[in-house]
Amino acid sequence: MSSPESAVADAVSVSGRPRLARHVRLTFDPSRERHVLLRPECVVVLNRTGADVLELCDGRRTVAGIVAELRGRYARVAEADVQGFLAGLVDRRCVVIEPEETDGVDRRCVVTDPEAT
Amino acid sequence: MNKPFGLLAELTYRCPLACPYCSNPLDLAGYRDELDTAEWLRVLAEARDLGVLQCHLSGGEPLLRRDLVELVRHATGLGLYTNLVTSAVGLSRRRAEELHEAGLDHVQISIQADEPGASDRIAGTPSFARKIEAARIVKELGWPLTVNVVLHRQNIDGLAAIVGLAEELRADRVELANTQYYGWALRNRAALLPTAEQLDRAEEVVQAAAARLAGRMDVVYVLPDYYERYPKPCMGGWAARQLTVAPNGDALPCPTAQTLPLPRANVRENSLEWIWTESPLFERFRGTAWMPEPCRSCDRREIDFGGCRCQAFQLTGDAARTDPVCHLSPDHEIVEDLVRAANSGARPRVEALVPRPHRAGSA
Ligand code: SF4
Ligand code: SF4
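Residue numbers (the working numbering), protein chains in the order written: chain A, 10 to 126; chain B, 3 to 365.
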């Protein structure tokens, strides 16, 4: 099983389970009409899709699961875009990727993603 | 125009410590007439309306304000992310629990050196043991902890031990920031500016620590800008991302801008919105139109914004010049001379420092 550090190095795998880092807050800013991520030393202003991705980052859903859910809402969702977006936030220490479970099955969110294989 | 992201709320300049690198103004007595609770509550609400998302409660020592818990509760109620910047003197368990209950998000504790003797000497008062105790309480309450150490000639050689201490305290972040020369630090500059050799060693320690602690503790290191080729992008640009409110209600685009010969803006007289969007003080160096050469035609002008206005004024007497730290500045030799003096064999490692007075304004 990989540690969170090696998950950073590996970028973001589709079977990883992203969640907000401890002490990071996702909130809506009415004055900018945008969602934002708050940390002691930075603010990340999010667009609508970014906020949608992060709202699904609960440490249980896998990246593949998140992509599948987003495809129910948006016409086009590229897995690579979601991975890239999350990798950027991992770099900025806003998101942590929980490693996949040892048996590799996510029982809370079983999805089949035809494009993933 | 951008909306500000951060408010530095300098609640008081009173402080139980007497750090010789303190960036508070020399004229501490001029700030005795502090905003009262109702005024701060209004400032916080106005800041939120203006778009502020983060509120750094600082000073001096913010714990000396009896209304701190109330201010924190109000700020978190408004949806602000709150950060307490403290020497930790006065952070008793009871006070910590009250602040935690009020919703305070993050605590940043300053430590002056890696061991009690040096730390207490620099702080000008026995305080090390209380800081350690307070840091433990912070972690026990489940807060994220930043340990902040201001580095200079007289403590930078203990950097490895400083990082070790932060690790032992289970800090989430350690901020190792070389002194910036404003306020009391400017007065003590000769005795604080490290040598190039000291900085080389520090750099090695920082790199090794950052690699070893990756994923466990963020290691943030700030070089003294006198040794950089380019100046720092001060405050992310004048009146672009942050604002400061001083204890007496003066609103400033940067915490040391009271040193500049510019019109004042005060929250007792004007709304924060007017101050941010229209006041001559905030408009003065906004954007790039004010810039002289070489900044005006430089492709880094949107990266570092010509550096720090306060430093330009302090070193050249003209706030609208290129920050002399920049190697392209026509005044760069001023900085080179200072660096040369710091590296001359004649200058001792440890010299007497002028402490800032304790408890400014209580006299
Ligand atoms: S004296 Fe030290 S602790 Fe007090 S405000 Fe200045 S730098 Fe901070
Ligand atoms: S000339 Fe001005 S804009 Fe260019 S790097 Fe130097 S300070 Fe920055």
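Keep in mind the hints are simulated off the structure, nothing from the lab.
Honestly, I wouldn't trust all of these hints.
Derived CB-CB ranges, DEER-like [said to hold, decoys possible]:
| id | chain 1 | residue 1 | chain 2 | residue 2 | range |
| --- | --- | --- | --- | --- | --- |
| 1 | A | 37 | B | 28 | 39 to 49 Å |
| 2 | A | 54 | B | 138 | 32 to 42 Å |
| 3 | B | 352 | A | 41 | 29 to 39 Å |
| 4 | B | 28 | A | 22 | 53 to 63 Å |
| 5 | A | 42 | B | 296 | 31 to 41 Å |
| 6 | A | 101 | B | 350 | 15 to 25 Å |
| 7 | B | 275 | A | 37 | 17 to 27 Å |
| 8 | B | 352 | A | 37 | 20 to 30 Å |
| 9 | A | 57 | B | 238 | 21 to 31 Å |
| 10 | A | 101 | B | 128 | 19 to 29 Å |
| 11 | B | 44 | A | 54 | 23 to 33 Å |
Cβ coordinates follow ideal geometry from the N, Cα and C atoms, glycine included.
* Asked: Lying within 17 to 27 Å: is that true of the beta-carbon distance residue 275 of chain B to residue 37 of chain A?
  -> 21 Å, holds
* Please test the hint of 31 to 41 Å on the beta carbon pair from residue 42 of chain A and residue 296 of chain B. => 39 Å, holds
* Cβ distance range 53 to 63 Å for residue 28 of chain B and residue 22 of chain A, holds or violated -> 55 Å, holds
* Is 29 to 39 Å right for how far apart the beta carbons of residue 352 of chain B and residue 41 of chain A are? -> With Cβ atoms ~49 Å apart, the hint is violated.
* Assessment of proposed distance window 23 to 33 Å (beta carbons of residue 44 of chain B, residue 54 of chain A) -> Once the Cβ atoms are compared, 26 Å apart, the range 23 to 33 Å for residue 54 of chain A and residue 44 of chain B holds.
* State, for the Cβ atoms of residue 54 of chain A and residue 138 of chain B, whether the hinted interval 32 to 42 Å holds or is violated. => Since the Cβ atoms of residue 54 of chain A and residue 138 of chain B sit about 35 Å apart, the hinted range of 32 to 42 Å holds.
* To do: Could you see if the CB distance from residue 37 of chain A to residue 28 of chain B stays within 39 to 49 Å?
  => 43 Å, holds
* Asked: Does the Cβ pair residue 101 of chain A, residue 128 of chain B satisfy 19 to 29 Å?
  -> 39 Å, violated
* Has the hinted range 20 to 30 Å been met by the Cβ atoms of residue 352 of chain B and residue 37 of chain A? -> Between residue 352 of chain B and residue 37 of chain A, where Cβ atoms are some 52 Å apart, the hint is violated.
* **Supplied distance hint 21 to 31 Å, evaluated on CB atoms of residue 57 of chain A and residue 238 of chain B** => For residue 57 of chain A and residue 238 of chain B the Cβ distance comes to about 25 Å; the hint holds.
* **Satisfaction of the hinted span 15 to 25 Å by the C-beta atoms belonging to residue 101 of chain A and residue 350 of chain B** => 42 Å, violated
Consistency with the previously given hints fails for numbers 3, 6, 8, 10, ordered from lowest to highest.
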